Amino acid sequence: MLDKSLIGRESEPVVHDVEKGAIRRFVEALGDPNPIYVEEQAARVAGYPALVAPPTFPALLTVNDRFRHSLDLGTRSLLHGEQQIEFGRPILAGDRITVKTRVADVQERAGASGPMDILVLEDEGRDAQGALVFRTREVLVLRRG
Amino acid sequence: MALLARQLYFEAVKAGDELPPLVKPPVDRTQIARYAGATGDYNPLYVDEHLAKNAGFPSAHAPGMLAMGFIGELVVDWLRGARLRRYTARFVKIVWPGDVITCRGRVVDRRFEGGGVYAIDIEVWAENQRGELVLKGLVTSQLYYSAEDDARQRAGQSPLVVTPEEEAARLAKLSRAQPPKRHDAHPPPPPRPPPAVKPAPPAKVAPPAKVAPLAKAVVPAPPAPAAALHAPAVHRPAPAAAPRQLAVPPPQPVPAAVHAPARPAASSHGLARTPALPARETPSRASAVGRPAPVRAAPRQPGPKAARPAPPKRTAAKTRSAPRFVPKTKPAARASRPRPGSKPTGKKRR
Numbered sequence: 001m002l003d004k005s006l007i008g009r010e011s012e013p014v015v016h017d018v019e020k021g022a023i024r025r026f027v028e029a030l031g032d033p034n035p036i037y038v039e040e041q042a043a044r045v046a047g048y049p050a051l052v053a054p055p056t057f058p059a060l061l062t063v064n065d066r067f068r069h070s071l072d073l074g075t076r077s078l079l080h081g082e083q084q085i086e087f088g089r090p091i092l093a094g095d096r097i098t099v100k101t102r103v104a105d106v107q108e109r110a111g112a113s114g115p116m117d118i119l120v121l122e123d124e125g126r127d128a129q130g131a132l133v134f135r136t137r138e139v140l141v142l143r144r145g
Numbered sequence: 146m147a148l149l150a151r152q153l154y155f156e157a158v159k160a161g162d163e164l165p166p167l168v169k170p171p172v173d174r175t176q177i178a179r180y181a182g183a184t185g186d187y188n189p190l191y192v193d194e195h196l197a198k199n200a201g202f203p204s205a206h207a208p209g210m211l212a213m214g215f216i217g218e219l220v221v222d223w224l225r226g227a228r229l230r231r232y233t234a235r236f237v238k239i240v241w242p243g244d245v246i247t248c249r250g251r252v253v254d255r256r257f258e259g260g261g262v263y264a265i266d267i268e269v270w271a272e273n274q275r276g277e278l279v280l281k282g283l284v285t286s287q288l289y290y291s292a293e294d295d296a297r298q299r300a301g302q303s304p305l306v307v308t309p310e311e312e313a314a315r316l317a318k319l320s321r322a323q324p325p326k327r328h329d330a331h332p333p334p335p336p337r338p339p340p341a342v343k344p345a346p347p348a349k350v351a352p353p354a355k356v357a358p359l360a361k362a363v364v365p366a367p368p369a370p371a372a373a374l375h376a377p378a379v380h381r382p383a384p385a386a387a388p389r390q391l392a393v394p395p396p397q398p399v400p401a402a403v404h405a406p407a408r409p410a411a412s413s414h415g416l417a418r419t420p421a422l423p424a425r426e427t428p429s430r431a432s433a434v435g436r437p438a439p440v441r442a443a444p445r446q447p448g449p450k451a452a453r454p455a456p457p458k459r460t461a462a463k464t465r466s467a468p469r470f471v472p473k474t475k476p477a478a479r480a481s482r483p484r485p486g487s488k489p490t491g492k493k494r495r
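Going line by line, the protein sequences match chains A and B.
Per my numbering, the very first residue in the first sequence carries number 1; after that it's consecutive.
Per my numbering, the very first residue in the second sequence carries number 146; after that it's consecutive.
Just so you know, these hints were derived from the structure itself, not from any lab.
Remember, it's a predicted structure, so these values are computed and weren't measured experimentally.
Watch out, some of these pointers could steer you wrong.
Calculated lysine to any residue pairs in the SDA-like style (CA-CA distance at most 20 Å, straight line) [what the hints assert, rightly or not]: (1) A/20 x B/186; (2) A/20 x A/34; (3) A/20 x B/198; (4) B/198 x A/34.
Working from the sequences, and respecting the hints, build out all of it.
This is the structure:
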C-alpha cells in the first residue's frame with residue numbers, strides 16, 4: 001500500500017531542451033509521417049515558427065526516473081491507466097522547457113485481481129519566459145504482487 | 146504540404162462529423178523499443194519479456210501512450226494545424242505486439258465560446274483487430290471561424306465574432322427552399338434528410354449566394370449518395386469532404402463505392418467507415434456509447450465488408466487474452482474459442 005503522505009511531494013525542476021532530433025525520433029517511433037515535425041519548410045507553411053512537436057510529446061518531457069525512484073514504489077508492475085494533456089501552446093524545436101512533477105493523489109482501488117494502488121502524477125512544463133507550455137496528469141496503476 | 150496549408154474552419158465542422166479512420170501498421174516489438182527509447186520511458190513491462198511474464202502478463206506490451214500518439218496523428222491530420230487545447234485518454238485495454246490499431250474520432254460538440262473563440266470536442270477512440278476498445282479519449286481544439294477570421298487574426302486584427310444566431314440565420318437563408326424544416330433547435334440532428342443539410346452549411350464557405358441555388362438544384366430528390374458527391378465538391382475538394390456525409394447515420398445504407406471517387410488516394414480510410422454504420426446495432430457493442438462498429442478498416446477493398454471481421458482470420462496476431470485486471474472480454478472478440486463465457490487467462494496463448 002502506498003503511503004498517502006506522498007501526496008504533494010514535488011520533484012526538482014528538470015530542464016529539457018527540445019531538440020529536432022528528439023522530435024524526429026519520437027515521430028519515427030510513432031510512424032507519423034506528417035512533415036511538420038521534420039521539415040522546417042512544412043512547419044512554416046503550417047504556421048509554426050519552427051519544427052513543432054506532436055501532441056503526445058510531453059510523454060518524453062515528463063519522464064523523471066529519479067523522482068519515481070524517490071517515491072519508493074518497489075518492483076511492482078506499473079500500468080498506465082489514464083493520461084490528460086493540456087496545451088498552453090505548441091512545443092517547438094529549440095524550446096527550453098522546465099518541468100516539475102508532483103504527486104497529486106494516492107488511492108487504493110478494488111481491481112479484478114485484488115486491490116490496486118493508484119498513483120496520480122501531475123507535471124507542468126513552462127518555457128524560458130515562464131509561460132505555461134503544457135500540463136499533464138497521469139494515472140498509474142500499481143498491481144500488487 | 147499543400148494539404149497542410151489548407152485550414153479546417155469552424156464553420157465547416159458539425160457535431161457528428163467523423164474523422165476518416167486511421168489504420169496503423171501492426172505494432173511490433175521494434176516499435177515498442179523505439180518508442181521506449183524515444184521517450185526514455187523504459188518501463189520493464191514494455192521492454193523486458195521475462196519480467197512481464199513473471200509479473201503475470203502473457204508478454205511485454207506497448208505503452209498506452211503509443212496508441213495515444215497514433216490518435217494524435219489522426220487528429221492533427223484532420224485538424225490541419227488548428228490549435229489543440231486538451232487531449233485526454235483512458236487506456237482501456239493493453240496493446241500487445243502484433244496488434245493492429247485503428248484510430249477513430251467523431252466531433253461531439255461545437256461551441257461558440259464568445260469573443261470570437263470557437264472550439265470543438267472530438268471524441269476519439271482506438272480499437273484493435275479484434276474489435277476491442279483499447280483507448281478512449283477526448284480532444285478539444287480551438288479553430289478559426291472561417292478563412293476570413295484566419296486572415297484577420299494572422300494580420301494581428303481582432304477575431305471575427307459570429308454568434309450562433311447569426312450563423313443559424315445564414316444557414317436558414319441558404320436552404321430556405323428546402324421542404325423539410327431545417328435545424329432550428331440543434332445544428333447536427335441525425336434524422337434530417339441528408340440533402341437538405343449537407344450542402345447548406347458548407348455552401349456558405351464558398352461564395353455564398355452563388356452556390357446555394359446550385360446545391361438545391363442538385364439535390365431535390367432524396368438520394369443521399371448523390372448529395373454526398375456533389376455537395377462537398379462545391380466548396381471543399383479536400384479529403385474531409387466526403388466523410389461528413391456519413392457522420393450522420395444515413396436513413397438507408399449508403400453504398401461504399403459511391404464515396405470512393407470523392408476521396409484522394411491518400412486517405413485510404415474512407416471506405417472503412419461505410420460498412421461500420423450498419424453494424425452499429427451489433428448487440429455486443431451496444432454498451433459502447435454510440436461508437437461505430439469495430440469493423441476493421443479495409444482500405445481500398447470495396448465490397449461487402451459489413452460484417453464483423455472474423456477473428457480467426459487474423460491468426461497471425463495470436464488472439465491474446467486480456468490481463469486479469471481488465472474486467473471482461475467481449476464475447477464477440479473470442480469467437481474463435483469454444484467457451485465464450487469463460488474468463489480470459491494468461492495461459493491461453495501459449
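Structure-inconsistent hints, enumerated in ascending order = 3, 4
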